[in-house]
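Protein sequence lines correspond, in order, to chains A, B, C and D.
Those letters in the first sequence? Residues 473 to 588, by the numbering used here.
Those letters in the second sequence? Residues 473 to 588, by the numbering used here.
Those letters in the third sequence? Residues 473 to 588, by the numbering used here.
Those letters in the fourth sequence? Residues 473 to 588, by the numbering used here.
What the hints contain is simulated information worked out from the structure, not anything from laboratory work.
Please note that a few of the clues may not be correct.
Stated by the list, open to error - Only part of the chain A face toward chain C is listed, based on derived beta-carbon distances under 8 Å: (1) Phe494; (2) Glu510; (3) Ser563; (4) Ile566.
To be verified - For lysine to any residue, the following SDA-like pairs were computed, each having C-alpha atoms within a straight-line distance of at most 20 Å: (5) D:Lys565 <-> C:Ala480; (6) D:Lys565 <-> C:Ala570; (7) D:Lys565 <-> C:Pro530; (8) C:Lys565 <-> D:Glu481; (9) D:Lys565 <-> C:Lys565; (10) B:Lys565 <-> A:Glu510; (11) A:Lys565 <-> B:Lys565; (12) B:Lys565 <-> B:Val578.
To be verified - Using C-beta positions, here's what the derived DEER-type ranges look like: (13) C:Ser474 <-> B:Ser581: 42 to 48 Å; (14) D:Thr567 <-> C:Glu490: 18 to 24 Å; (15) B:Arg572 <-> C:Thr567: 34 to 40 Å.
Every value quoted in this text rests on a predicted model; they were computed, and no experiment measured them.
Glycine included, each C-beta is placed from N, C-alpha and C at the ideal position.
There are 4 protein chains.
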Amino acid sequence: MSLADLAAELRRFAAEREWERFHTPKNLAVSLAVEVGELLEHVQWGSDEELEARLRTPDGQRAISEEMADVLIYLVRLADVLEVDLLEAASSKITANAVRYPADEVRGSSAKRPAP
Amino acid sequence: MSLADLAAELRRFAAEREWERFHTPKNLAVSLAVEVGELLEHVQWGSDEELEARLRTPDGQRAISEEMADVLIYLVRLADVLEVDLLEAASSKITANAVRYPADEVRGSSAKRPAP
Amino acid sequence: MSLADLAAELRRFAAEREWERFHTPKNLAVSLAVEVGELLEHVQWGSDEELEARLRTPDGQRAISEEMADVLIYLVRLADVLEVDLLEAASSKITANAVRYPADEVRGSSAKRPAP
Amino acid sequence: MSLADLAAELRRFAAEREWERFHTPKNLAVSLAVEVGELLEHVQWGSDEELEARLRTPDGQRAISEEMADVLIYLVRLADVLEVDLLEAASSKITANAVRYPADEVRGSSAKRPAP
């Protein structure tokens, strides 16, 4: 499956349920935030070491995968509604970030805010 | 470019800058939430009609694309760090949602919370 | 009860449970975001009219009150940990916003982003 | 200043600018999430030790205070619009949390998710 396939599947899912009118940009952005909130619950309290350990167990990985899936689903649905090419937008952003954060200047430092 | 290509590019980007140690699950989840906050700014005040109009102009579309790109970037980076297959997770979720929201029962209604 | 009383009660609550070491700024900020995500669930799908109606029923009001309480609790706890005077900070912000958004210039318009 | 004074001041601020119609529950909840996103930026990358140090300098404290002020402002404005008594709601929540997390059972542990 590709992102384009996922977008098509979500479009069909919404159409079959006549949910398109709920899928406004505002509602989808809110939904994205709801799901990111649920994802954050999984990293709310533990130390980095505890979280690494827990999130790599089968149960931990499955639980966070489900939240990440929800985030991706709403993001892809929003992109489809707004006719945004997500992969192209991400690719442009990486190119811009490479200029903004030259490897030789920022190596090992988070003083300049590290984009991934 | 595919999601797998994007993940590989982000892995290289972080490695070249020695940023891997900042890319803990907690920090990446927080970064995801920061970017979703920036995306929400674009839908903060207008009515659905105003937002539809604004987000479909070239400037509006470009602005929200950049925020969506940032969300995708952190999501893909987090998935790569946690070795989660995002597309497989999304596909499983859609299958589960199809059972949870049978088209014939939920058609046209948001009483049962519409997943996309 | 005042905000200062609430802060004192939360401090005691954490101390009795020896939870202070979990209450780092990062964890409390993440918790705040988790609770805001839960609050957003209550405004995720309906139109403004539907939400106004639902949130003013006793059940609707109670449900959203609980989420708002959680947001306030984490915000006050974070302020207490960081020794921030929330009411003073809010008062300064309003003074700054009054300069930034002169009533005569922004009346009735959200072109300049309306702060409350 | 009390929370009630703050609510009254925000009500006047919105009235003078004829912004009441923008202050729907959905828009205010989205605004709250936008501000929490900005607050999260301040805890995005550092370790707990680095953050503690930075957020306790005058500059660090001032910066995060401003974001916390914005969060409080939108929360109080939303409560005012929905006629929710925030302090009473928080007080009820603490009472419920005291039952849910008995000190003797949860002491020193985040296994049961620590509410503050």
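Is Lys565 (chain D) close enough to Pro530 (chain C), meaning Cα to Cα at most 20 Å? holds, 17 Å
Is 18 to 24 Å respected by the C-beta to C-beta distance linking Thr567 (chain D) and Glu490 (chain C)? Because 20 Å falls inside the window, the suggested range holds.
When you check the alpha-carbon spacing of Lys565 (chain D) and Lys565 (chain C), does it fall within 20 Å? violated, 28 Å
Given hint Val578 (chain B) paired with Lys565 (chain B) - CA-CA distance at most 20 Å: Holds, because 17 Å separates the two Cα atoms, which is no more than 20 Å.
Lys565 (chain A) and Lys565 (chain B): Cα distance at most 20 Å? violated, 28 Å
Double-check Phe494 (chain A) for me: the hint is only fine if its C-beta lies closer than 8 Å to a C-beta in chain C. Because about 5 Å separates Phe494 (chain A) from the closest Cβ in chain C, which is inside the 8 Å limit, the hint holds.
Hint check: Lys565 (chain B) vs Glu510 (chain A), CA-CA at most 20 Å. Holds or violated? Judged against 20 Å, a Cα distance of about 15 Å means the pair holds.
With a cut-off of 20 Å on the C-alpha distance, tell me whether Lys565 (chain D) and Ala480 (chain C) pass. Roughly 15 Å separates the two Cα atoms, so the pair holds.
Satisfaction of hint between Ala570 (chain C) and Lys565 (chain D), Cα-Cα up to 20 Å: violated, 34 Å
Interface restraint verdict for Ser563 (chain A) against chain C (beta-carbon cut-off 8 Å): Result: violated, 28 Å to nearest chain C Cβ.
Agreement of hint Glu510 (chain A) with chain C interface, Cβ distance less than 8 Å: holds, 6 Å
Using the beta carbons of Ser474 (chain C) and Ser581 (chain B), state whether their distance is inside 42 to 48 Å or not. holds, 44 Å
Hint compliance for this structure: hints 3, 4, 6, 9, 11, 15 are broken, all remaining hints hold.
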